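There are 2 protein chains.
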Amino acid sequence: MPHYTLNYDIIQDAVIKKRKEKRIFLDYASITPLDKEVKKEMDKVQEKFWGNPSSLHTEGEKANHKLEESRIKIARILHCRANEIFFTSGGTEAINLAILGVIKASKERLPHIICSTIEHPAVLELIKNLINEKKTEVSFISPDGRGIINPKSVKKEIKENTILIIIQHANNEIGTIQPIREIVKIIRNSNFATRNSYPYFLVDACQSALYEDISIERLGADLLILDGVKMYGPRGAGILISKHNLRISPVIFGGGQERGLRSGTENVANAAGLAKALELAVGKREKEIKRLTKLRDWTIKKMLNKIPNSSLNGDSKKRLPNNINICLSQGDTLGKFPKVSPWDSEFLVIKLDTLGFAVSSASACHALSNKSDSYVIEALNPKCANSSLRITFGRDTKKSDLDKFISVLKKVIK
Amino acid sequence: MPHYTLNYDIIQDAVIKKRKEKRIFLDYASITPLDKEVKKEMDKVQEKFWGNPSSLHTEGEKANHKLEESRIKIARILHCRANEIFFTSGGTEAINLAILGVIKASKERLPHIICSTIEHPAVLELIKNLINEKKTEVSFISPDGRGIINPKSVKKEIKENTILIIIQHANNEIGTIQPIREIVKIIRNSNFATRNSYPYFLVDACQSALYEDISIERLGADLLILDGVKMYGPRGAGILISKHNLRISPVIFGGGQERGLRSGTENVANAAGLAKALELAVGKREKEIKRLTKLRDWTIKKMLNKIPNSSLNGDSKKRLPNNINICLSQGDTLGKFPKVSPWDSEFLVIKLDTLGFAVSSASACHALSNKSDSYVIEALNPKCANSSLRITFGRDTKKSDLDKFISVLKKVIK
Numbered sequence: 001m002p003h004y005t006l007n008y009d010i011i012q013d014a015v016i017k018k019r020k021e022k023r024i025f026l027d028y029a030s031i032t033p034l035d036k037e038v039k040k041e042m043d044k045v046q047e048k049f050w051g052n053p054s055s056l057h058t059e060g061e062k063a064n065h066k067l068e069e070s071r072i073k074i075a076r077i078l079h080c081r082a083n084e085i086f087f088t089s090g091g092t093e094a095i096n097l098a099i100l101g102v103i104k105a106s107k108e109r110l111p112h113i114i115c116s117t118i119e120h121p122a123v124l125e126l127i128k129n130l131i132n133e134k135k136t137e138v139s140f141i142s143p144d145g146r147g148i149i150n151p152k153s154v155k156k157e158i159k160e161n162t163i164l165i166i167i168q169h170a171n172n173e174i175g176t177i178q179p180i181r182e183i184v185k186i187i188r189n190s191n192f193a194t195r196n197s198y199p200y201f202l203v204d205a206c207q208s209a210l211y212e213d214i215s216i217e218r219l220g221a222d223l224l225i226l227d228g229v230k231m232y233g234p235r236g237a238g239i240l241i242s243k244h245n246l247r248i249s250p251v252i253f254g255g256g257q258e259r260g261l262r263s264g265t266e267n268v269a270n271a272a273g274l275a276k277a278l279e280l281a282v283g284k285r286e287k288e289i290k291r292l293t294k295l296r297d298w299t300i301k302k303m304l305n306k307i308p309n310s311s312l313n314g315d316s317k318k319r320l321p322n323n324i325n326i327c328l329s330q331g332d333t334l335g336k337f338p339k340v341s342p343w344d345s346e347f348l349v350i351k352l353d354t355l356g357f358a359v360s361s362a363s364a365c366h367a368l369s370n371k372s373d374s375y376v377i378e379a380l381n382p383k384c385a386n387s388s389l390r391i392t393f394g395r396d397t398k399k400s401d402l403d404k405f406i407s408v409l410k411k412v413i414k
Numbered sequence: 415m416p417h418y419t420l421n422y423d424i425i426q427d428a429v430i431k432k433r434k435e436k437r438i439f440l441d442y443a444s445i446t447p448l449d450k451e452v453k454k455e456m457d458k459v460q461e462k463f464w465g466n467p468s469s470l471h472t473e474g475e476k477a478n479h480k481l482e483e484s485r486i487k488i489a490r491i492l493h494c495r496a497n498e499i500f501f502t503s504g505g506t507e508a509i510n511l512a513i514l515g516v517i518k519a520s521k522e523r524l525p526h527i528i529c530s531t532i533e534h535p536a537v538l539e540l541i542k543n544l545i546n547e548k549k550t551e552v553s554f555i556s557p558d559g560r561g562i563i564n565p566k567s568v569k570k571e572i573k574e575n576t577i578l579i580i581i582q583h584a585n586n587e588i589g590t591i592q593p594i595r596e597i598v599k600i601i602r603n604s605n606f607a608t609r610n611s612y613p614y615f616l617v618d619a620c621q622s623a624l625y626e627d628i629s630i631e632r633l634g635a636d637l638l639i640l641d642g643v644k645m646y647g648p649r650g651a652g653i654l655i656s657k658h659n660l661r662i663s664p665v666i667f668g669g670g671q672e673r674g675l676r677s678g679t680e681n682v683a684n685a686a687g688l689a690k691a692l693e694l695a696v697g698k699r700e701k702e703i704k705r706l707t708k709l710r711d712w713t714i715k716k717m718l719n720k721i722p723n724s725s726l727n728g729d730s731k732k733r734l735p736n737n738i739n740i741c742l743s744q745g746d747t748l749g750k751f752p753k754v755s756p757w758d759s760e761f762l763v764i765k766l767d768t769l770g771f772a773v774s775s776a777s778a779c780h781a782l783s784n785k786s787d788s789y790v791i792e793a794l795n796p797k798c799a800n801s802s803l804r805i806t807f808g809r810d811t812k813k814s815d816l817d818k819f820i821s822v823l824k825k826v827i828k
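Chains as they are written, first to last, in our numbering: chain A, 1 to 414; chain B, 415 to 828.
Calculated directly from the structure, the hints in this document are not laboratory data. On a predicted model such as this, the values are computed, not experimentally measured, just so you know. Just so you know, not all the hints are guaranteed correct.
Stated by the list, open to error - Covered stretches of chain A, as calculated for chain B (at least 3 residues, CB under 8 Å):
| no. | stretch |
| --- | --- |
| 1 | 22-34 |
| 2 | 49-58 |
| 3 | 121-133 |
| 4 | 161-168 |
| 5 | 227-236 |
| 6 | 376-387 |
| 7 | 395-402 |
To be verified - Counterexamples of contact, computed for chain A against chain B with all Cβ distances above 10 Å:
| no. | residue |
| --- | --- |
| 8 | 37 |
| 9 | 142 |
| 10 | 146 |
| 11 | 246 |
| 12 | 251 |
| 13 | 252 |
| 14 | 279 |
| 15 | 287 |
| 16 | 352 |
| 17 | 353 |
| 18 | 359 |
| 19 | 360 |
What the hints assert, rightly or not - Straight-line distance between alpha carbons at most 30 Å, and here's what the computed DSS-like set of lysine-lysine pairs gives:
| no. | chain 1 | residue 1 | chain 2 | residue 2 |
| --- | --- | --- | --- | --- |
| 20 | A | 39 | B | 454 |
| 21 | B | 812 | B | 825 |
| 22 | B | 548 | A | 107 |
| 23 | B | 450 | A | 39 |
| 24 | B | 569 | A | 104 |
| 25 | A | 48 | B | 813 |
| 26 | B | 813 | A | 40 |
| 27 | A | 284 | B | 487 |
| 28 | A | 287 | B | 462 |
| 29 | B | 453 | A | 44 |
| 30 | B | 548 | A | 134 |
| 31 | B | 548 | A | 48 |
| 32 | A | 128 | B | 518 |
| 33 | A | 22 | B | 462 |
| 34 | A | 44 | B | 698 |
| 35 | B | 657 | B | 569 |
| 36 | A | 135 | B | 698 |
| 37 | B | 458 | A | 44 |
| 38 | A | 399 | B | 462 |
| 39 | A | 40 | B | 450 |
| 40 | A | 284 | A | 383 |
Glycine is no exception: its CB is placed at the ideal position from the N, C-alpha and C atoms.
All chains, full assembly: derive it from the sequences and hints.
In structure tokens, the structure reads:
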């Protein structure tokens, strides 16, 4: 993505000024801090199991044993076999491996892929490149005005050479939860296809891991993606679950680690950290869903009430309990230089930041959006694409934080 | 690589037995422990700069600032520009990115690559795949009997469509140091090629980072690879240096991080860890080279003296100061089932392990070797491929450790 050329000195000054103030972080969809328990587990593993898991000696075998133990723990949580779990360096790499790997292993001359227009850039940018290289043909599915994919629209696009269908579990910007099980049902019914046969169904669950049931059994997906940074887990740590018997080829070659699918010295501490983070996520899930759903709905109501002409982007019910995405004003004046609209997303993010609040205008990864701040909101309601804010909660978010936020926001945009 | 199906219970028993015994680790070429100072730096960075570097707000900007600070530190050590440094998830990924990225960006119909037969599997396995897919043609250069590549043999293979020459700085099994500067000179002289024009020269410096001058300026390489696990640094952390103006395309797509060349949320703590590990490596280098060269030569002399029919694999002078690779008996009896030769590498590694010593039979990554334990030694002296041991030293290795090792080895093979 284009790095914003903010002046570091100004930023650093602002940082110093705010040092004694409490910051309120409301951007947990972009990253979550590393949980203390996860950190502790990782430190322990790094200290005791630092060997190379591919080595024959005790140091290597101990490291390998620990790695496989973490794999088994994760398999139990996600209801799959341990040998269906592949550790990667993050969600982005796992998505790339899944898509490229399935295409590489397919025997179609020109394989066909179906995906939604609001997938993460890791999907859309890769697909753009594959189209350019004439390696695949793609049918894009648009969501409805609330950001939901209609399972029937997926079915309509399935062709004889369709090898892969990609639908995210929950959207990273508007938090909309897709009807994955209905889509699976309709794919399986419309086809002779059984699980493990084409078209494969890839579900990006990076955003939903903390708040949805991500059992691959219950979701019915063939391929599932998770990312440590989105669930209070390790950085540079992702998971690809690929059901056994799927045809998938490696993208990165070398020592043949991860059963040949992902070469490179394994990161044993990261694997243990992922297992711990998932364990904690599942343990806290029910309570957090209840708490955050209440908080979300209260905040949405209050925001829509206090801020004139505001509206909610995305479905109000079928959304992650920690996600609010609000359109502040339909029809932004952006582009009429030099005047900047008071509702301009980026302007607001920076303004709110100086006042102690971290929110976002779109995803932290929005390389696709040349025209507007958010291609996701562009797809739903173009008038809101440059005047929307994403507010996402975490384990530390309290009602009083949101109360403060709303009153500051109200002052800023009036 | 094929994971060895050792019985974990037996291993665990052995581990318990040895718990009070001091283990002697002599396999630092496979992995180095994480340095305490590096760990401390990473913990500090993880705690204070945990934001997503792509975010617009203070948490994001602080993380981005720290990331770029690490990049600048590394650039100063390696004598390159900060924007020539790309963080990856390890040496293997960096090698794959360099090779695939250069091929993808090239306009040749069938690009030509030159590489040595003793490169790391990350190079050879990838190239094998590229040949299978008819994406490249390759000329392999064999080393001489001491494991050294003759610069003239590289020159001979350069053709009009040669886009890439790949020679490792030091071999991971036999520690042989290649005449990189001579190869660069001969490439540049033989061609109209200046730096930044084809053929590019890729140097894998993963094994040499601790003991050789890896200034990219002085080496004269166009592309350089480093790996955290080989230099007491972070796991899952690699560096690709790609000189500016090189034509190179991304392999992993997404949010466009690392100036578009490597998407995925950046690992800020790992970047800081790499900077610290390199700083320490350079600081300790001269002293360690002196200490370990003395220790190496003393050990080689004593081993060759004490063990009948033994010989050294690789050059005795042009080799890493921490590497010994010894052939215990030319012409192994391997294959005459059920008798296992007392000099069989794998048998010896396991036997020595139960006696408290961690050494290796070959690289931890030797997926290529179906026929023998080591394709590297196979290339030098086939009779030694199944009866050689690699002993590699680290910062903690003392003369007394090696003294003990030699007497135990002598008993084991007699």
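For each hint, the structure was consulted:
1. For the stretch 22-34 of chain A, the assignment as covered by chain B holds, since 7 residues bring a beta-carbon within under 8 Å of that chain's beta-carbons and 3 suffice.
2. Check on the stretch 49-58 of chain A: 8 of its residues sit with their Cβ under 8 Å from a Cβ of chain B, so the three-residue criterion for coverage holds.
3. For the stretch 121-133 of chain A, the stated coverage by chain B is satisfied: 6 residues place a CB nearer than 8 Å to a CB of that chain, which reaches the threshold of 3.
4. For the stretch 161-168 of chain A, the stated coverage by chain B is violated: 0 residues have a C-beta nearer than 8 Å to a C-beta of that chain, whereas at least 3 were required.
5. Using a Cβ-Cβ cut-off of 8 Å, 4 residues of the stretch 227-236 of chain A lie near chain B, which meets the minimum of three, so the contact claim holds.
6. Using a Cβ-Cβ cut-off of 8 Å, 0 residues of the stretch 376-387 of chain A lie near chain B, which falls short of the minimum of three, so the contact claim is violated.
7. Only when three residues or more bring their CB closer than 8 Å to a CB of chain B does the claim for the stretch 395-402 of chain A stand; here the count is 0, and the claim is violated.
8. With a least CB separation of 14 Å from chain B, residue 37 of chain A remains clear of the 10 Å interface cut-off, as annotated.
9. At the 10 Å boundary, the C-beta of residue 142 of chain A stays outside the reach of chain B, the nearest C-beta of that chain being 21 Å off.
10. A cut-off of 10 Å between C-beta atoms confirms that residue 146 of chain A is not in contact with chain B; the least separation is 25 Å.
11. For residue 246 of chain A, the non-interface assignment is confirmed: its Cβ lies about 19 Å from the closest Cβ of chain B, beyond the 10 Å cut-off.
12. Not every C-beta of chain B lies more than 10 Å from that of residue 251 of chain A, the closest at about 7 Å, which undercuts listing it as non-interface.
13. Against the 10 Å criterion, residue 252 of chain A falls within the reach of chain B, whose nearest CB is about 5 Å from its own CB.
14. Annotated as non-interface, residue 279 of chain A keeps its C-beta farther than 10 Å from every C-beta of chain B; the closest such distance is 20 Å.
15. Every CB of chain B lies more than 10 Å from the CB of residue 287 of chain A, the least distance being 24 Å, so the non-interface label holds.
16. Against the 10 Å criterion, residue 352 of chain A falls within the reach of chain B, whose nearest CB is about 8 Å from its own CB.
17. Interface exclusion of residue 353 of chain A from chain B breaks down, the closest Cβ pair being 4 Å apart, not more than 10 Å.
18. With a least beta-carbon separation of about 7 Å from chain B, residue 359 of chain A fails to lie farther than 10 Å from that chain, contradicting its non-interface assignment.
19. Not every C-beta of chain B lies more than 10 Å from that of residue 360 of chain A, the closest at about 6 Å, which undercuts listing it as non-interface.
20. The straight-line distance between the Cα atoms of residue 39 of chain A and residue 454 of chain B is roughly 13 Å, inside the 30 Å bound, and the hint therefore holds.
21. At most 30 Å may separate the alpha-carbon atoms for a hinted pair to count; residue 812 of chain B and residue 825 of chain B meet this at roughly 21 Å.
22. Between residue 548 of chain B and residue 107 of chain A the alpha-carbon distance is near 16 Å, which keeps this suggested pair within the 30 Å criterion.
23. At most 30 Å may separate the alpha-carbon atoms for a hinted pair to count; residue 450 of chain B and residue 39 of chain A meet this at roughly 16 Å.
24. Of the pairs offered as hints, the one joining residue 569 of chain B and residue 104 of chain A is violated, with about 34 Å between alpha carbons and a cut-off of 30 Å exceeded.
25. As the CA atoms of residue 48 of chain A and residue 813 of chain B are separated by approximately 25 Å, the hinted pair is consistent with the 30 Å bound.
26. Proximity of residue 813 of chain B to residue 40 of chain A is assessed by CA-CA distance (about 35 Å); at most 30 Å being required, the pair is judged violated.
27. For the suggested pair residue 284 of chain A and residue 487 of chain B, the alpha carbons sit about 40 Å apart, so the restraint of at most 30 Å is broken.
28. Taking the CA atoms of residue 287 of chain A and residue 462 of chain B, the gap is near 28 Å; set against the 30 Å cutoff, the hint holds.
29. Proximity of residue 453 of chain B to residue 44 of chain A is assessed by CA-CA distance (about 12 Å); at most 30 Å being required, the pair is judged to hold.
30. A distance of roughly 17 Å separates the Cα atoms of residue 548 of chain B and residue 134 of chain A; the hinted pair therefore holds under the 30 Å criterion.
31. The straight-line distance between the Cα atoms of residue 548 of chain B and residue 48 of chain A is roughly 44 Å, outside the 30 Å bound, and the hint therefore fails.
32. Among the hinted pairs, residue 128 of chain A with residue 518 of chain B is consistent with the structure: their alpha-carbon atoms are about 15 Å apart, no more than 30 Å.
33. For the suggested pair residue 22 of chain A and residue 462 of chain B, the alpha carbons sit about 14 Å apart, so the restraint of at most 30 Å is met.
34. For a cut-off of 30 Å, the pair hint linking residue 44 of chain A to residue 698 of chain B stands: about 27 Å separates their Cα positions.
35. A C-alpha spacing of about 22 Å is found between residue 657 of chain B and residue 569 of chain B, which places the hinted pair at or below 30 Å, so the restraint holds.
36. Between the alpha carbons of residue 135 of chain A and residue 698 of chain B the distance comes to roughly 49 Å, so the proposed pair goes past 30 Å and is violated.
37. With a CA separation close to 17 Å, the supplied pair residue 458 of chain B and residue 44 of chain A stays within the 30 Å bound.
38. Proposed proximity of residue 399 of chain A and residue 462 of chain B is supported: the alpha carbons are some 25 Å apart, at most 30 Å.
39. For a cut-off of 30 Å, the pair hint linking residue 40 of chain A to residue 450 of chain B stands: about 16 Å separates their Cα positions.
40. Pair hint residue 284 of chain A plus residue 383 of chain A does not hold up; C-alpha atoms about 38 Å apart against a cutoff of 30 Å.
In this structure, the earlier hints numbered 4, 6, 7, 12, 13, 16, 17, 18, 19, 24, 26, 27, 31, 36 and 40 are contradicted, and the remaining ones agree with it.
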